[in-house]
Structure formats: C-alpha cells, structure tokens
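Participant: Sequence:
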Amino acid sequence: MILLYKKSVVTVDVFYFLPDYTNILQEFIWQTEDVVPQYPRVHEFLNYWKDNIDAVISEVIVVNADNHEYRPVKSTYTIR
Numbered sequence: 001m002i003l004l005y006k007k008s009v010v011t012v013d014v015f016y017f018l019p020d021y022t023n024i025l026q027e028f029i030w031q032t033e034d035v036v037p038q039y040p041r042v043h044e045f046l047n048y049w050k051d052n053i054d055a056v057i058s059e060v061i062v063v064n065a066d067n068h069e070y071r072p073v074k075s076t077y078t079i080r
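Per my numbering, the very first residue in the sequence shown carries number 1; after that it's consecutive.
Calculated from the structure, these hints are not laboratory results.
Any given hint could be a false lead.
For each label pair, taking beta carbons as the anchor points, the in silico distance ranges come out as [stated by the list, open to error]: (1) 19 with 64: 25 to 33 Å; (2) 5 with 54: 27 to 35 Å; (3) 27 with 52: 16 to 24 Å; (4) 47 with 17: 17 to 25 Å; (5) 23 with 60: 31 to 39 Å; (6) 19 with 65: 27 to 35 Å; (7) 64 with 25: 21 to 29 Å.
By construction, the Cβ of each residue, glycine as well, lies at the ideal position given by its N, Cα and C atoms.
Please construct the entire structure, taking both the sequences and the accompanying hints into account.
Facilitator: So this is what it looks like as structure tokens:
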C-alpha cells in the first residue's frame, strides 16, 4: 500500500502556565507548514518546548488547513 503525504498549513494553539504563576493560563499560537497526518515539525516544536522552556503546557490544539469547501461571503457586518 502506498501512502501519500502532503504538506498543509498547520496552526498550533498552546495553552500554558508559568511555574511561578499557576493561576494564569496563557496562550501561544504558532503556524507552520507540516506533513499531515504525522506532524513532524509540530512534534519537534513541542519537544523543544518541553526541553528548553520553563512553562508547563496545559493543552495543545492542532488544526490543519486542508482543502475544504469554501463558500463566498454574501455580506459583512460591522459591530461597534
């Protein structure tokens, strides 16, 4: 069986807190191009974070921008 892997834009949303401020949940958003579905760059990034950054990861959300069906916007609204 031949598996084809393709690159796609991936957004990684990391929720973390600093060890001294455990009550404050912070967010870091990172976007890259990665191979779906293995995500080697995302794994490399998270391993780097774990080894070199003194922040504890609470949650990670990974979203890829694959070829989805797009619909044109019919109207826009401004909220003031």
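Participant: Take the hints in turn and mark each one as holding or not.
Facilitator: How the hints compare with the structure:
no. : hint                   : result
1   : 19 with 64: 25 to 33 Å : holds, 31 Å
2   : 5 with 54: 27 to 35 Å  : holds, 34 Å
3   : 27 with 52: 16 to 24 Å : holds, 19 Å
4   : 47 with 17: 17 to 25 Å : holds, 19 Å
5   : 23 with 60: 31 to 39 Å : violated, 20 Å
6   : 19 with 65: 27 to 35 Å : holds, 33 Å
7   : 64 with 25: 21 to 29 Å : holds, 24 Å
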